[in-house]
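**Q** As a plain string of letters, each chain reads:
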Amino acid sequence: MFNHILLQTPVPRDLPLDLPLPKEVLIVLLVFSFLLHILFVNLMVGGSILTLWSQIKGLKDKEYDTLAHEIAETITVNKSLAVVLGVAPLLSINTLYTVYFYSANALTGIFWISVIPLVTVAFLLTYAHKYSWKILENNKALHISMMGLSVAIFLFIPLIFLVNVNLMLFPEKWNTIEGFAHALTLPNVFPRYFHFLLASLGTTGLFIFWYFGRKSYDFDNHFTTLTRYEIRKKAYSLTFGASAAQFIIGPVVLLTLPTKGFSWHLIFTIGTGVIFALPAMYWIWKGITGKAEDIANNFWKVALTLGLTITFMGSGRHIYRATALAPHQKLVEAKTIAYEKEVKKATEEMKNAPAEKPASDNPGEAIFQAKCSACHAMDVKVVGPPIKEMVSIYKNDAKGLHDWILKPGKKRPDYPQMPALGLSEQEINDVANYILEQK
Amino acid sequence: MDFPIFHLDFMGDRLLIAIIAVLHVLINHGLAVGFIPLVTWIEYLGFKKGGKNAIVNNEWDQLAHRLMTVAFIITTTIGAMTGVGIWFASSLVNPASIGSLIRVFYGAWFVEWTVFVTEVVLILLYYLSWKRSLGSIEAKAKHIKLGAALSIFSWITMSIIVSILGFMMDTGSWVENKTFIAGFTNPIYIPQLAFRTPLAALMAGAIGLFLTKLFTKNGSSFQQDSSKKIALWMLLMLPFTLAGALAYYFKIPELMIGNLPVAVGTMDFQSWYDLLVKFIIGALTTVFLIAGTVYFKPKLKIPTIVYILPVIGMLGFAGIFERIREFIRKPYVIGNYMYSNTLRKEDYPLFKRDGVLAHATYSPVKEVTEENKLVAGEQVFMISCSRCHTTRGINSVVDKFENMYSLKAGEKLNGDLMKNYIKHIENARYFMPPFPGNEAELGALVEYIKHIQEDGTPIDHQATSMR
Chain A
1 MFNHILLQTP VPRDLPLDLP LPKEVLIVLL VFSFLLHILF VNLMVGGSIL TLWSQIKGLK
61 DKEYDTLAHE IAETITVNKS LAVVLGVAPL LSINTLYTVY FYSANALTGI FWISVIPLVT
121 VAFLLTYAHK YSWKILENNK ALHISMMGLS VAIFLFIPLI FLVNVNLMLF PEKWNTIEGF
181 AHALTLPNVF PRYFHFLLAS LGTTGLFIFW YFGRKSYDFD NHFTTLTRYE IRKKAYSLTF
241 GASAAQFIIG PVVLLTLPTK GFSWHLIFTI GTGVIFALPA MYWIWKGITG KAEDIANNFW
301 KVALTLGLTI TFMGSGRHIY RATALAPHQK LVEAKTIAYE KEVKKATEEM KNAPAEKPAS
361 DNPGEAIFQA KCSACHAMDV KVVGPPIKEM VSIYKNDAKG LHDWILKPGK KRPDYPQMPA
421 LGLSEQEIND VANYILEQK
Chain B
1 MDFPIFHLDF MGDRLLIAII AVLHVLINHG LAVGFIPLVT WIEYLGFKKG GKNAIVNNEW
61 DQLAHRLMTV AFIITTTIGA MTGVGIWFAS SLVNPASIGS LIRVFYGAWF VEWTVFVTEV
121 VLILLYYLSW KRSLGSIEAK AKHIKLGAAL SIFSWITMSI IVSILGFMMD TGSWVENKTF
181 IAGFTNPIYI PQLAFRTPLA ALMAGAIGLF LTKLFTKNGS SFQQDSSKKI ALWMLLMLPF
241 TLAGALAYYF KIPELMIGNL PVAVGTMDFQ SWYDLLVKFI IGALTTVFLI AGTVYFKPKL
301 KIPTIVYILP VIGMLGFAGI FERIREFIRK PYVIGNYMYS NTLRKEDYPL FKRDGVLAHA
361 TYSPVKEVTE ENKLVAGEQV FMISCSRCHT TRGINSVVDK FENMYSLKAG EKLNGDLMKN
421 YIKHIENARY FMPPFPGNEA ELGALVEYIK HIQEDGTPID HQATSMR
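Going down the list, the protein sequences come from chains A and B. With my numbering, letter number 276 in the first sequence gets 276, and the count goes up by one each step, no holes. With my numbering, letter number 104 in the second sequence gets 104, and the count goes up by one each step, no holes.
Think of the hints as simulated: they come from the structure by calculation, not from any bench. Watch out, some of these pointers could steer you wrong.
What the hints assert, rightly or not - Examples of chain B residues lying across from chain A (beta carbon under 10 Å, computed):
| id | residue |
| --- | --- |
| 1 | Leu8 |
| 2 | Leu211 |
| 3 | Leu214 |
| 4 | Thr216 |
| 5 | Lys217 |
| 6 | Glu346 |
| 7 | Asn420 |
| 8 | Asn427 |
Yeah, the Cβ is synthetic: ideal placement off N, Cα and C, and Gly gets one too.
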């Protein structure tokens with residue numbers, strides 16, 4: 001099996017520096033900080049989609065325009081947290097999966113870096129949208145298209161990340177993938193994309209349920225016809241629908257993953273996650289179909305169980321990666337060790353090699369070869385004038401030659417400037433003598 | 001070289017990082033670290049001027065709020081994203097160096113991250129609770145304390161980053177010890193911090209003064225009063241900035257020498273060094289003149305356009321120091337450990353022995369032959385020159401050679417001369433790392449450069465490793 005991998009797959013070396021913390025600690029940090037990050041990303045993406053939907057609906061029913069405004073207020077907060085919380089998993093993945101992460105980045109280069117300007121634009125648009133609600137009251141088309149554009153960007157960016165996440169898993173593809181568009185065709189990219197979008201909608205549903213249900217939220221000052229119950233019921237239904245759809249998309253995500261990362265451990269972890277989702281679905285269903293005043297009865301239980309589901313799914317995600325990459329990581333490690341040995345050996349050899357005999361017995365000539373010959377030759381112009389010319393200028397002026405070498409000036413208009421070379425006094429005299437000996 | 005190589009063959013990879021990084025530093029210094037204390041101070045002045053019946057003086061409070069709006073929107077969009085952008089760009093352009101830095105500085109970065117999260121939470125609270133803070137004296141007093149806390153956290157964020165920047169310039173004893181503390185206590189840390197703190201405050205003052213001119217009614221007494229306060233802020237920061245700049249300035253040559261295997265290239269450095277003095281004098285004098293006029297002659301009518309001068313002056317001033325920082329690092333990305341072609345110094349003997357291609361995982365050829373020499377040459381170029389040069393774009397290697405040999409249009413490059421030059425490249429121009437490969441690879445590189453000179457076909461643009 002190893003041979004098979006060797007033939008197809010590049011095996012690069014890892015950085016020869018120790019991990020900064022024990023591996024297990026880094027893994028825990030990676031998994032948890034990632035979940036925290038993705039939670040706010042979900043709220044940012046889901047919130048934008050719902051704002052757009054609600055504002056379009058608001059063209060007919062003013063109440064929904066207000067709802068859109070209220071949701072929009074949360075996006076700018078959630079997006080700031082999403083970005084700053086992304087730094088910790090970024091650091092951790094850099095450290096744990098150095099070879100895999102950077103290779104995947106490089107293979108999708110332009111798209112990877114375009115995340116930065118694209119997200120910046122999307123963020124600026126969310127502010128412009130939020131702060132121009134009054135000003136653009138009579139130009140809804142323009143106002144809504146701001147949100148539309150920012151939603152479009154938010155819907156595109158996850159694809160870039162998912163392509164990277166996928167490429168990381170498959171070093172065996174690195175030699176054949178040609179850029180982002182090609183990598184999009186990896187079988188697992190789109191299933192995972194829809195998995196993510198559904199998660200965003202589901203999470204945002206729960207968030208809205210909580211946000212508009214808070215006691216401290218001054219509901220009646222914002223809405224006249226819409227009721228708390230209606231909004232909460234809609235939000236719950238969204239979570240219910242999105243989570244139900246996950247029962248279909250989830251298996252597709254799993255089945256489109258190459259089998260190399262499967263293990264009983266993985267199945268067990270994912271399975272546990274699914275089991276926790278079942279009571280949550282039941283409680284939500286009861287909330288939606290039950291009496292209006294009871295809708296929030298099981299909310300914290302729902303949030304907790306779904307939180308556990310997400311934690312198990314996130315861990316499963318890591319387990320798959322760890323299993324899938326383990327054989328390749330072994331090869332990388334072996335290669336790194338062998339390489340470091342060679343480095344040591346070559347360094348020793350160089351130290352012990354009989355001191356390279358200087359290009360000449362004349363110390364001046366040796367210095368000239370090393371320091372000057374890049375730019376000067378005997379009788380042709382290279383970068384600077386030939387030695388012949390130097391001799392003709394300085395044959396009676398050793399001091400002048402010395403001074404020039406110490407601190408070269410700018411003389412010939414059609415030549416570049418000669419840099420000072422930092423030679424010692426002795427070296428300058430040697431090389432000057434050597435030059436003046438040439439006739 | 002052990003990552004697929006990302007290369008932007010038009011703009012050059014260094015420019016990509018430079019644009020993102022400089023933008024980030026300017027926003028971080030000018031609109032966060034230095035700006036938030038200024039805003040908090042103005043808010044505090046408004047609070048004190050509130051009088052008997054009001055919680056605040058509205059004019060002052062509104063000015064503080066508007067200044068903060070600008071800072072909030074820019075820092076949480078362009079500021080935050082360029083911060084992430086530095087990681088993204090480095091991971092593409094210099095994976096080996098950023099990867100090594102993260103391994104060494106994971107702890108510092110993690111602490112930095114927690115501080116940074118706190119900073120973001122505080123900035124959200126501070127800005128978004130502004131309206132609510134106008135409800136009562138207590139709420140306002142609390143809000144001002146929040147501003148103070150935010151100021152402190154943004155300063156701490158900067159002070160950690162500075163240590164990392166310092167490390168990249170001068171690894172101190174890290175190369176021997178490879179421990180985290182050794183990296184953190186490197187010798188340039190304190191001078192850098194002493195310089196950046198007042199610099200940030202002064203930049204913020206320049207920006208604040210300009211915005212105040214825009215946000216207040218021309219000729220009003222409030223405009224005069226508020227501008228006067230900001231001018232005072234600038235005048236107070238000025239001597240500290242000057243002292244910090246000078247301390248840093250005198251520390252640089254020491255570093256330069258420590259950083260260079262042979263003390264070459266002093267002249268290239270000298271011209272930058274001279275330019276630096278001009279910038280220090282020019283920018284600080286501009287700031288002094290304008291802040292001084294606003295402070296001592298508040299009634300004098302100065303056109304808005306003049307207020308831009310200190311802003312430009314300070315941006316240029318900060319920019320040139322960033323440039324110098326880059327300059328000192330060369331030919332290393334991590335002083336004495338990794339060259340800026342991202343090859344480790346200690347790997348060179350191996351490369352000299354076996355050649356670089358033999359150890360380049362992603363190179364399709366491992367050894368130079370007569371048939372493959374252009375492909376091999378392209379690989380050698382990508383490995384040893386492409387982090388700083390393009391083939392035909394900005395800082396093109398062909399142009400560099402043509403200019404250096406003062407070739408006339410149509411004249412061809414001479415392979416033997418180029419070979420001899422590249423062999424001694426680190427002696428000719430100290431900022432370039434030594435050529436890593438063997439004789440055959442040198443030959444292939446030269447053939448490749450001649451080939452692009454002749455038929456002008458550069459490599460596949462943004463090609464990652466060539467296949």
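**Q** Work down the list of hints and note, for each, if the structure agrees.
**A** Okay, the hints, checked on the actual structure:
Annotation: Leu8 (chain B) was flagged as interfacial toward chain A, and the flag holds, the nearest CB pair being 8 Å apart, inside 10 Å. At a threshold of 10 Å, the smallest CB-CB gap from Leu211 (chain B) to chain A is about 17 Å, leaving the interface hint violated. With 10 Å as the threshold, the beta carbon of Leu214 (chain B) stays out of range of chain A, its nearest partner Cβ sitting at about 17 Å, so the hint is violated. Here the hint on Thr216 (chain B) is broken, as its CB sits about 21 Å from the closest CB of chain A, past 10 Å.
Hint status for Lys217 (chain B): violated, given a least beta-carbon distance of 22 Å to chain A, over 10 Å. Of the supplied interface hints, the one on Glu346 (chain B) holds, with its beta-carbon coming within about 6 Å of a beta-carbon of chain A, less than 10 Å. This hint holds: Asn420 (chain B) has a C-beta 6 Å from the nearest C-beta of chain A, less than the 10 Å allowed. With a least beta-carbon distance of about 5 Å to chain A, the hint placing Asn427 (chain B) at the interface is held under the 10 Å criterion.
Taken one by one, the earlier hints fail for this structure at numbers 2, 3, 4, 5, listed in ascending order.
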